[in-house]
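Heads up: the sequence lines are chains A and F, in that order.
Read in order, the letters of the first sequence correspond to residues 0 to 514 in numbering that gives the first Met the number 0.
Read in order, the letters of the second sequence correspond to residues 0 to 320 in numbering that gives the first Met the number 0.
Bear in mind the hints are in silico, worked out from the structure with no lab data behind them.
Everything numeric in this text was worked out from a predicted model, so none of it was measured.
Ideal placement from N, C-alpha and C gives every residue a C-beta, glycine not left out.
There's no promise every hint is true.
Said to hold, decoys possible - Here are some of the chain A residues that sit facing chain F, going by a computed Cβ distance under 7 angstroms:
id: 1; residue: GLY342
id: 2; residue: PRO343
id: 3; residue: ALA459
id: 4; residue: ILE465
id: 5; residue: PHE469
id: 6; residue: GLY470
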Amino acid sequence: MLTIPRWKAVLILAVALMGILYSLPNMAGPELRTWLHANVPSWMPGKTVNLGLDLRGGAHLLYEVDVDGVFRERGDLMVQDLRTELREAKIGYSSIGSAAKGARVTLRDEGDAEAVRKILRKLDPNLDIQTNGATIEASMNEVSLKSVYDQTISQSIEIVRRRIDELGTTEPLIARQGENRLLIQAPGANAEQLKAIIGTTAKLGFHLVPEAADAGGGTRSLPFAEEPARRLAVARRPMITGDMLETAQPSFDQNGRSVISFRLNNTGARRFCDVTRQNVQKPFAIVLDNEVLSAPVIQEPICGGQGQISGGFTVKTANDLALLLRAGALPAPMKVIEERTVGPTLGSDSVKSGRKACLVGLLFVIAMACLVYGLFGVFASIGIIINMLLILAVMSMLQATLTLPGIAGIVLTMGLAIDGNVLIFERIKEELRAGRSILSAIDTGYTRARTTITDSNLTALIAALILFSFGTGPIKGFAVTMCIGVATSYFCALSFTRLIVLTWLKLKRPKAIPV
Amino acid sequence: MIIKLLELIPPNTKIDFFGHRFYAMLASIIILGGSTLMLTTKGLNFGIDFVGGTIIEIKTETAPDLPHLREVLKELHLGDISIQEFGAADNLMIRMPQQEVQPGAAEADVQRGAIEKVQAALNKEFDNKVDYRRTEFVGPQVGKELKRAGIFAVLIAMGGIMAYIWFRFNWQYGVGAMLALLHDVVGILGLFSLTQMHFDLSTLAAILLVAGYSINETVIIFDRVRETLRKYKKMPMTEIINFSINSTLPRTLMTSGSTLLALLALYMFGGEVIRSFVSALFFGILIGTHSSYFVSTPSLYYLKLRPDPEKPGTAVAEEPA
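The shape of chain A in the complex, shown without the other chains:
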């Protein structure tokens, strides 16, 4: 088929034109880009390629959420509740303690087992209860374990998002990964700052400090933040928790020291008022992440719901802590298990060198094509340039992420793009040598080469698609450009360059092509 129907020719040119138009914003300077992003409707050319963290600079952090800690805490709470209930019901026990994801109690009298089971049911209907003689073990069942898991993770995501928003970082990606992991990708962020605000659980509690005589199983000995050697036994159960804070701001006390001023919500304020009224002249402890910040003595009932926390802060630590308290505590501690941060200088260096490598590679390939194939080489080169622009355009439109391995993928796509043309041209040469007429040689060249190109491009596409769905990190980044590149180079070799060749044929009507 040596003629291309007009509608097809128009379509091919339209695609090429779109490629040029939609890739153009990428050549714009940063100011024009911002303007384009803000003012151009999303379907019009205005979007630019989304640079990956390795090119833009930023932090990629993978955290593991310590959900087991939540289970331990729940177990502790269950033990306390059970102890209170047992005391009220006057049921004797010889030992009580937390067990795996629950509580275990050994009764003095086996006959009380039924009553204890009822109490446990009342505390939490979703418990698996096992009785072994006088020992009763209660643990959370599958359903509640799963819901605790999901809740903990989704809460963590929410809190982390609030904290990062407070920092003013743009477009952070925060997502759950697998069972108990959290992926945070923040372009342009200062990794150290990010880690500092995410790494702190910021669990705040006001605990009463019971008199020594009262110190039974209901207290915990915690170190002071400023002198870890000194410890204080505080009530396990806090009277006020961090989630009762309405706001928290850094400020200074009358002595000019950095403190945090807070205001409690209604529930908190009422509770604080009641408890402080009952405990005047007794100390209470302000505890943050299992460390005592300070232990002031209650001078008088505090009923306004406002107060200050002191604890030897600097202006900066007061600032950070106030931010964390405003955003809320993480439901469980998190630890970094993977970190990749790229500074802004390396990112922009990589963009520069990637751009240069692409251009030089393109020049090399074009020079070689023109040297070997003459005029047809020029046709192929126009196709390759359009191909590069199309890749840029598609990546901008889909907002796919371009990474450094992705740039390598683009450079290699040039190899693939030239391959299509080479296959066709070599085939045409072969057919010409075999004595076919020009028209028939070009026609056969394209038909024969088409199957080969289809086969080779499809194998490449299969590999790239599989890599995209199963790969991680650099593998994925490179699979993206590979997929797009395979598609665009197929178009360029078999439609766009063919259109040029056939148009030339029609206009020039060459009598002979020497081979």
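Knowing the structure of chain A, use the given hints to seat chain F on it.
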């Protein structure tokens, strides 16, 4: 002038590729044997992606005194810290092994602490004028998972490629392609073992790229084999192989040549970060071309794609359309 300016090789070459296959096989055996030997004795030098650890890339204002810096970091007692120049004299790459965690200490704190100690030492050494260009920390658990996921991706991709060729051509082609792929992968692994270059996630990407490139090459020759088989019903397999390789020779030279040129540009200007990735590709394209010529295509002969004509009564293999 129109379609031909320079001739890379003369047209209608008649090189007896199949006849010389034993030399090529010898080369393959040396490559494969050597690779296996290297892999079993020296093994791969896994980067932090797969075994965990920390790398820090820094840029300083003036070229630092490396031996002195090594002493300084050695005194931190954080295991075997390596410092290398990375592309330029004022650009350093510091690699730290996974820190040993004493029982009772929190894993994350220990690793973070180590990074902070190194940073503090560097800040002191360079008077706070250090540009931390890149910090990567991978925990041991994540490393194991990345390794597993990477191997999984490679296997699935290869399986997918083989299945496609099987479906599009014939089982003999599928097996031939698979043999070539194995050849290439083992060869690259051998290169990494020999040079002890860091083997990380991007290396895995390079291997897959090479696999794709090599299979592309193989498919193009296979395509020609299939076409020639249909055209010349009586031609013996050895001649079909020679003819197919010879007629795709100009294309191979041109495509490999321009791809290698593009890679050269990437090697020269792409920056230090992807340099080892590019060298893997470079070597891979060479070995991939070798395997298409001397592994996948000759194996069609041994797999009896077209039965030997000497045996009377055997029918000519029918090709699926």
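Right, here's what the structure says about each hint:
Among the interface hints, the one on GLY342/A holds; its C-beta lies about 5 angstroms from the nearest C-beta in chain F, closer than the 7 angstroms criterion. Checking PRO343/A against chain F: minimum C-beta separation of about 9 angstroms lies over 7 angstroms; hint violated. Look at ALA459/A: its Cβ gets to within about 5 angstroms of chain F, closer than 7 angstroms, so that hint holds up. Of the supplied interface hints, the one on ILE465/A holds, with its beta-carbon coming within about 4 angstroms of a beta-carbon of chain F, less than 7 angstroms.
Annotation: PHE469/A was flagged as interfacial toward chain F, and the flag holds, the nearest CB pair being 4 angstroms apart, inside 7 angstroms. Hint status for GLY470/A relative to chain F: holds, with the closest Cβ pair at about 5 angstroms, below 7 angstroms.
Figure legend: structure checked against the earlier numbered hints; the only hint not met is number 2.
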